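*Asks:* Residue numbers (mature numbering (1 follows the signal peptide of the UniProt record, and there is no 0)): -23 to -1, 1 to 397.
I should point out that these hints are in silico values taken from the structure, not numbers from a laboratory. It should be emphasised that the depicted structure is a prediction, and the values quoted were computed from it without experimental measurement. Among these hints, one or two may not hold up.
List time: in silico DSSO-like cross-link candidates among lysine-lysine, alpha-carbon distance up to 30 Å [as the list claims (entries may be wrong)]:
no., residue 1, residue 2
1, Lys65, Lys354
2, Lys80, Lys354
3, Lys366, Lys354
4, Lys354, Lys393
5, Lys393, Lys366
6, Lys80, Lys65
7, Lys244, Lys354
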Amino acid sequence: MNVKRLFRAVAPLFLMLPLVVPAGCRSSDSRIGKEPLTLRIGYSSAQDFERRYADRLSREFPEWTIEIVPSGGLLSGREPDPAGWLRKHPVDLIYLPPASFRKAADRGLLLDLEPRLEADPELEASFRPNLLELSALYGNGPTGGLIPSFYGEAVAVNRRTFEENGIRVPDRFDGWTDLVMLARRFDRGLLTPYEGPFDWIRGMGGSIGLSLRDEEDGSYELDTPAWRRLWRLAARGLLSGSVRVGGEGDFSSFVNGEYAMAIVGFKELEQLKSADGELDWTVLPLPSDFRSPGRSSRIVPDGFLSIPRSSAQPDAAWEALTFLLEDEADRRAEEDRADAAFGFPSLRAASALGTDRVSRIVEAVADRPPLPPVDEKPLPVSLREEADKAFRLAVERSIPVEAALRNLQAEADEGKFPPE
């Protein structure tokens, strides 16, 4: 059995559309599956649902009438209140983006799915590592929804380059210091996807649960011991010339064997697969949080499949939910690819036992137990630009890192970086 990741989506309008769907690894032998009923599903739009799932759900449950209730406003922010939306649009099953899911879970609007999971140990065991724990963290305890798919990053390693330099490939990175110091042992040690130094620093901080804003009042927290530590580490990596940011090399540079390591996500998966036979590569999890050893916040859910407490058909909704999860995972395994629109499936496919390289990269992405999610708001362009300038001054040794951060914090406190 395996996973299906549901959609992000957009489009508000009240629309209901009967659809149909094929079979996954569960069969509809159950009494529920053979009973005529109407199942209302909240999804961005009927077109998005059909584009994603075609008619597979209706084919699996031919006695059912499937109605898609457009919920794109929850994704776009036009409907900031999931409780109000659910009152106006009663549905049996709903796909929620992370922000809406957290609000709905906090207000007790969703069924706890833990008892149903415990009653289906085969399904529970099919989830990739840490995805169920991540669901519970987003729901503040109860499992109010299941993650159909997720995004994340890992570290790809060119084993041939390590061997040629007489350096052992590590089993893991206990912190970003381990990774950066290892990269410095190569002329071209680490290729990153970040646009500039500050984006890389933010990426490192985000992976270990650091936030640039105070959760209570939203004020900037730029000059803290943890952030200073990462600024100094980034300076050491970039000064050595072994770490690349800012578009100084696209991912093909790693595929061509020019770099020892690269930070990769699902977009790079296809390029790695096509390099088999030419590039001897493996994948390791991202560094963990030095304050919470072994943990990382780099697993990001695409969304959650949830059953509202107000559902008129909770048992049928559960049947549909598990089918969608398993069907998605099996289809991705058959196609031998991740989907750029949805990321990695959360379930392991019944047809793939996890021994291939594609499965290994997905396992590496999900390997670290998650940290509580950080609700980070988009940063103004002015802050990013000033932070990059401050970093360049520090790297050029015009001023110490501590002074650069102190000046940046002072500018933030003076209100120079208002939200956009």
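*Asks:* Assess, step by step, whether the Cα of Lys354 is no farther than 30 Å from the Cα of Lys393, and give holds or violated.
*Replies:* 17 Å, holds
*Asks:* Lys80 and Lys65: Cα distance at most 30 Å?
*Replies:* It holds: about 17 Å lies between the C-alpha atoms, which stays within 30 Å.
*Asks:* Are the Cα atoms of Lys80 and Lys354 separated by 30 Å or less?
*Replies:* 16 Å, holds
*Asks:* Can you confirm whether the C-alpha distance between Lys65 and Lys354 stays at or below 30 Å?
*Replies:* 28 Å, holds
*Asks:* Holds or violated: Lys393 with Lys366, Cα cutoff 30 Å?
*Replies:* Holds, because 15 Å separates the two Cα atoms, which is no more than 30 Å.
*Asks:* So if I understand the rule, the pair passes when the alpha-carbon distance is 30 Å or less; does Lys244 with Lys354 pass?
*Replies:* Holds, because 24 Å separates the two Cα atoms, which is no more than 30 Å.
*Asks:* Between Lys366 and Lys354, is the straight-line Cα distance small enough, at 30 Å or below?
*Replies:* Satisfied, since the Cα-Cα distance of roughly 22 Å is no more than 30 Å.
This entry satisfies every hint, going by the numbered hints stated previously.
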